[in-house]
Amino acid sequence: MRSKEPFFWITISCGIVIMAFILIPLVEMMTAPSFAMLKETIKDKDVVRSIWLSIYTAGLAAIISFVFGTPLAYLLARTEFTGKRLVESIIDLPIVIPHPVVGIAILSVAGRNHWIGQIFSDLGIRIMGSVTGIVVVLTFVGLPFYVNAVKNGFESISPRLENVSRSLGASMFSTFFRITFPLAWRSMLIGIIMCSARAISEFGAVVIVAYHPMIAPVMIYERFEAYGLKYSQPVAVWLVSVCLALFLILRILTLRNKQEA
Amino acid sequence: MIKIENLNIHLSEFNLRDINLNIEENEFFILMGPTGAGKTVLLEALAGLIKTKSGNIIIGKKNITKLPPEKRGVGIVYQDYSLFPHLTVLENINYGLHFHKIDKPQAEKRLNRLVEDLNLSHLLKRFPLNLSGGELQRVALARALMVNPSVLLLDEPLSALDTNFREEIRAGLKRLHKNSNVTFLMVTHDFAEALSLADRAAVMNNGIIEQTGSIEDIFQRPDSTFVANFVGMKNLFAAQFRDTKALTGSIEIELGHKPANSHGYIAIRPEDIVLSKESLASSMRNSFRGTVTGVLDQGLYYEVDVMVENVTFKSLITKSSLFELGIQEGIEMLLSFKSTAIHNF
Chain Z
1 MRSKEPFFWI
11 TISCGIVIMA
21 FILIPLVEMM
31 TAPSFAMLKE
41 TIKDKDVVRS
51 IWLSIYTAGL
61 AAIISFVFGT
71 PLAYLLARTE
81 FTGKRLVESI
91 IDLPIVIPHP
101 VVGIAILSVA
111 GRNHWIGQIF
121 SDLGIRIMGS
131 VTGIVVVLTF
141 VGLPFYVNAV
151 KNGFESISPR
161 LENVSRSLGA
171 SMFSTFFRIT
181 FPLAWRSMLI
191 GIIMCSARAI
201 SEFGAVVIVA
211 YHPMIAPVMI
221 YERFEAYGLK
231 YSQPVAVWLV
241 SVCLALFLIL
251 RILTLRNKQE
261 A
Chain P
262 MIKIENLNIH
272 LSEFNLRDIN
282 LNIEENEFFI
292 LMGPTGAGKT
302 VLLEALAGLI
312 KTKSGNIIIG
322 KKNITKLPPE
332 KRGVGIVYQD
342 YSLFPHLTVL
352 ENINYGLHFH
362 KIDKPQAEKR
372 LNRLVEDLNL
382 SHLLKRFPLN
392 LSGGELQRVA
402 LARALMVNPS
412 VLLLDEPLSA
422 LDTNFREEIR
432 AGLKRLHKNS
442 NVTFLMVTHD
452 FAEALSLADR
462 AAVMNNGIIE
472 QTGSIEDIFQ
482 RPDSTFVANF
492 VGMKNLFAAQ
502 FRDTKALTGS
512 IEIELGHKPA
522 NSHGYIAIRP
532 EDIVLSKESL
542 ASSMRNSFRG
552 TVTGVLDQGL
562 YYEVDVMVEN
572 VTFKSLITKS
582 SLFELGIQEG
592 IEMLLSFKST
602 AIHNF
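Note that the protein sequences, when read in sequence, are chains Z and P. Residue numbering for the first sequence follows this note's numbering, starting at 1 and increasing by one per position. Residue numbering for the second sequence follows this note's numbering, starting at 262 and increasing by one per position.
The list that follows gives simulated cross-link-like pairs (lysine to aspartate or glutamate, DMTMM-like), each with its CA atoms no further than 20 Å apart: (1) K314/P to E80/Z; (2) K84/Z to E274/P; (3) K580/P to E593/P; (4) K312/P to E80/Z.
Counterexamples of contact, computed for chain P against chain Z with all Cβ distances above 10 Å: (5) S315; (6) N425; (7) S441; (8) T486; (9) L561; (10) K580.
Covered by chain P, per the in silico footprint, the following chain Z stretches (three or more residues, Cβ under 8 Å): (11) 159-171; (12) 178-184.
These are computed hints drawn from the structure, not numbers from a lab. If you're wondering where the values come from, they're calculated on a predicted model, not measured in any experiment. Glycine included, C-beta positions come from ideal geometry on N, C-alpha and C.
Same shape as in the complex, but just chain Z (with noise of 0.2 Å):
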């Protein structure tokens, strides 16, 4: 692209607009609070635990997207066969059914009067208003993200690969654990970063289902409207702050192995 065409001037101008548009109010809320306002939320409990609850919440979720999410994926990658699309539309679907819906939809099959909500209750395992409806709920909304990512992932390893395995005398099995899995990992680890991303930004569908235990997003909505804007940024700035940092590692991470291939 030579720089002289007005075409160039457009693009470089659309994207300082979107960075200004994107970093201007984060900078913005960052630096609001006062070190000293920072210091003082971090020694409250109950900011720490929401914080926590919503990092552990949020990594359960990826977790059990990992387990569940990952043959999936392989399938989805491999096979073809009727049905495939509605299949991939039906784990498209959390991703565009409007948050409190996902809160609702949740709850109704949850609740006593249907059955699935009764083997829960007979199992004691409580949803509304719980840890376990947190993950629920969470895993719900962050799945997708899961499975799209190492979908690709597995799509970009040539079958021929395995083929080779096969012959060579490798079970599937044996083929997968040797063979795709080392050279999925990486995949699989965006997948688990895009999941719980997803998972720690969740705030429509969890309040409806477990206003308590309180995660972090809940809390720092009730804060805004209990004692305003100024007792809210606090605690986004920690929220935020740990979250980038926990992905800046898994990044990393995954960089540094990057290079060993």
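The hints should help you fit chain P onto chain Z, whose structure is shown.
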């Protein structure tokens, strides 16, 4: 020994129909055919990577049609090498040992022999990422042979290589085949390769086997117009046979023998047609005067089209003869060929 009986494969957009093939123990067999003929599909079916609809595949005395790929003892080497990128060359070669019970000294002996035969000793610790095509292909061969398969399938192993690597790998293949008791089945569309490596071949087209036989038979005596075209018999004419003569268009060609059928085809390789200014004092029974209608540069050779009455013959001559004879479009030439150069079917 590989025996394929009435094999049918149905894929969503492609079928293999009624494949029958017999390949001897320790033979080097070639499978030829244009792109999309179904050669790779057939190889993958032999390796158990594609489901068959009906028919049998027998290797040795064992019917393997329903066996999973890992139980067949059939190795496969792809054109794109398909080395495991996360493993070193040595780990790639030894990969199959995880799944085969081979005692250590024997495995080591085999490894050393393959490493030596394929000249890989300096590459063992490296990863596939930075190896050349020839090196990758040698590693892929060593990896496949390390588990001593009864059959090795090679899917165009040379076509992605530069010419100089190709020679080298071809020689390596020949040596490996001679030093092992493995049956080689190789897909190629290069005739020079087929001739230098194998004795027998099959030609596939559009999901069926058109012809099976010695390479020479396929090259000189094709059974069908497709094979004749495929092997470069550019002079292919429908003909009526009368006694020992073939009538094509308005010209009469002496065959030297009486065909069994009354009509069919005659085929002559372009390099068997000799062009001259004057009639040649030779044993060639067929000689016709015609007009040059086209001269095509084909790199090392020139293809000269000569029209005799309403039949166009194609002849292949060297650049120097083209100049010596002063051939150009529109001039009259004499074209001659032996009756033994004519193949009729």
